[in-house]
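Colleague: From first to last, the protein sequence lines are chains R and F. When the letters of the first sequence are read in order and numbered with this note's numbering, they come out as residues 1 to 152. When the letters of the second sequence are read in order and numbered with this note's numbering, they come out as residues 1 to 782.
It is worth saying that the hints were derived from the structure and are not from the lab. Any given hint might turn out to be false.
Partial pick of chain F residues on the chain R-facing surface, computed with a CB cut under 10 Å [to be verified]:
id: 1; residue: V409
id: 2; residue: I410
id: 3; residue: S559
id: 4; residue: I562
id: 5; residue: D642
id: 6; residue: A649
id: 7; residue: M712
id: 8; residue: R715
id: 9; residue: G720
id: 10; residue: G722
id: 11; residue: V726
id: 12; residue: N727
id: 13; residue: L745
id: 14; residue: I750
id: 15; residue: A754
id: 16; residue: L755
Just so you have them, the derived chain R footprint on chain F, three or more residues with Cβ under 8 Å [unchecked claim]:
id: 17; stretch: 655-664
id: 18; stretch: 728-738
Ideal Cβ placement from N, Cα and C applies to all residues, glycine included.
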Amino acid sequence: MTRRSLILDTTVRLVFDGVLVLSVYLLFAGHNQPGGGFVGGLVAAAALALRYIAGGFDEVRSTLRFRPWTLLSAGLLLAVGTALVPVVFGLAALDHDALEVNVALLGKVKATSATVFDTGVYLVVVGFVLMIFEGLGDDPDDARRDVREEAS
Amino acid sequence: MLPALLILHAVCGAVALAAGRRLGRYAWLAGAVAPAATVLWLGANSSRLADDGGIVSRTEWVPSLGLALDLRLDAFSALMVLLVSGIGVLVYAYAWQYFGASGRSGQAAGLLTLFAGAMLGVVVADNLLVLYLFWELTSVTSYLLIGLDDDDPEARSAAQHALLVTGFGGLTMLGGLVILGQQAGTFRISELLAAPPSGSATTAALVLILVGAFTKSAQYPFHSWLPGAMVAPTPISAYLHSAAMVKAGVYLVARLAPAFADVAVWRPLVLTVGLVTMIAGGLRALRPTDLKQLLAMGTISQLGFLVVLFGIGRPEATAAGCALLLSHGLFKAALFMVVGIVDHETRTRDIDQLPVLGRGWATTRAVAVASAASMAALPPLAGFLAKEKAYAALVEGGTVDRLTLAGIVIGSVLTVAYSLRFGFALVRPDAVSDRRSAREEADHAPGPWFVVPGLVLALGSIVLGLVPALWSGLVDRAANALDPAASAYLELWHGFSAPLVLSLVTLAAGVTLFAVRRVVAGAQERAAFPVTGTRVYEAGVQGTLEVAARVTSVVQSGSLPIYAAVVLSTAALAPVVALATGRWWNGWPDVVGRPAHVPIAAILIAGCVAATVARRRFAAALLLGVVGYGMALFFVVQGAPDLALTQFAIETLSVVAFLLVFRVLPDRFERRTPALRHSLRLAVSATVGVFVMLMAIVASGWRTEPSVSREMSERALPEGDGRNVVNVILVDIRGLDTMGEITVLATAGIGVAALARAGRRPRRSRATRPRPRPAEQEVVAS
């Protein structure tokens, strides 16, 4: 990518972190309020899409150290792992449990194992969207040239 | 103990395979542990075989499906084990010499051991499905063994031939086994044989099973793979085609015959196939100058003989079959070993090329002559006892038995003739060859240890012939295990009786046939059967490939519009059949209308219409996005914030994804499409649209039960620990669905990336681009 828009660049940098925080908020709030792993993942992916539009795939790569397939498989493993933990204790697969703890300053915090499962979903969704970028994106100039080469 | 022996085979095979390179010829030692242990164990436990039911072992596998690893060793299985493992040990000793320090030792030894294990499994399986499992394992391992020399295209195609034919038979057999098991209500072979089912389904099952047995035992018309399989190294042929694999089919026929021989199709089918195989194989064994091919055709013939004897399902014939099984294993393995020795030392096994086998070859020649004589059923050898038994079994029967006997006598005459050919080829090759030029003396002779395994087998043929008491009991118990009415008492001399006369007639006719061999060969050449099995097989394979190519070119046209049209119209039209045939209208659904819906609906409709008439792709994608956001608004109004949120995010990302794709597509849609194509597209789109709308209305009108959403809402907090019902459904109540969905998502992601990459050319990364070769570079530079 040769030309970059300064305004777009700056705006994306400003917005990016906020959107990511929002996505994580959605993930954790999801069990009681609107949100969840799926939406959270989509929002995070949208943030990365902004990054992509501003600076191409290299920008996304420099932002995120993980490759798409790493996220994809990590998410799947996490979800399946969480699903199987109850089996070890003789319960049905995907049986969830909740844990209430008192954290200083925050007060009572309720954590459920469902959130871990949801995190898996979150990672799979982010990985999936990145996979699409990886597959369809890459360098647009080169892609154009390919089309012209095939046409001629 | 039986499962342990099977595991031992697997372990020894794996060790020989894994450490083959380092072990060299010692891989044969590692492999031989398993069959040797089997023989020793069999010897130590032979007394237990007499117990009712033999040695039984049951290991639960999938108890809920009633699947168990049922193994059972009775006296007949023991006879087979003796062949499989006993001859196996000798073959290993022989292969030790044959392969020497050759690099393929490890591979061959490992595969052979795995094969021996699979074969052991076949003969001790007491469950139809377990039997099938091991049966297919023998097919796979023998495929690898025949194709051992994988640099040789001939070996590869022969291996493929064997695999396709036996694999076809195996699958056919599986169908039969399942039907038979269903009919009998049990898959335990022992229970099934004790109370055999009947009826037309059983008949069909038996025919299917017989097809499997025929392919495995190289019966006509499925015999053609066996001669090709001779490309395998000779120790492997000696094992696979004398003692083991080809006898799997015979084993199955022998097991089933006592219970099912009276089923109407059994005898006509088995006897016809067996006799045709015996005679045709014998005729073809008269022609080849390649000694190994001669033995291959002879083996086919003998297998036909065995199938006839066991298949007839009468106690005396069964007993004769048991005797022939053992004697055939002895002489055929020895003969193969002899051919291997000749091939190994003189680099030819063609009768026309053979040198004079003079000094140092005396033992090899003796082994060959004794074994060939046993094959020709010359008294006083083991083969003679078996054949006498066979004649005696059939001589006093009805018309069918008489006809069968006549066929067997003809087959035996041919056997005598080709046995003579084989014997003369080694002793006086000029007698059976058209070659006129003088032969040289073989420049070296085989080492003594090379001959020992064959010698042991040949001595076996002689000793068992001279002292029938040695194996009379063994054969008797084996036959008895198959058929309680069967008993065998082997005798060298039982008076001047009809069987003896027949034997003498057979021998005399065989010698005569051999004497006039040139006339016979000429006649055979003129009256050659126009269609050979190999050609049928090749035509079959070729035809399948051609049909596949045609079907693929029709189905996989490579045109995305056609794929989309097929998928969409199938999805739209298939349910219409159900709608049209059943009662489908249940009244209008309850429509919840709010004032806010009206403007949203207007936006949706406007977006849709605009998207269809847009000229630019980009505009169309944005308009689709508008429709999506409109849907999200709907969700907001309906009070579904979760859905709305998701819909907004999805819509945003979809537009981005569209943009990515559009960069490689022209900006505008194609201007003019041919009228026909255009109207077709319109028709498909309209069908899908109408169908979706109709489906939505009809399906909504069919709420007959109260909605589950209330129950889910009530249980979400106490059981799911969450107030967001949608999320609790996703991660808890329907968690398994979510897991399936994310798996699909991950798979789709990989698919998208792979598809997109496959359509591209390598670029940018220079490492992936094929570098020009130095020579080309020079050309470019100049």
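Colleague: Report the numbers of all earlier hints that the structure fails to satisfy, in ascending order.
Modeller: Checked against the structure, the hints that fail are numbers 1, 2, 3, 4, 7 and 8, while the rest are satisfied.
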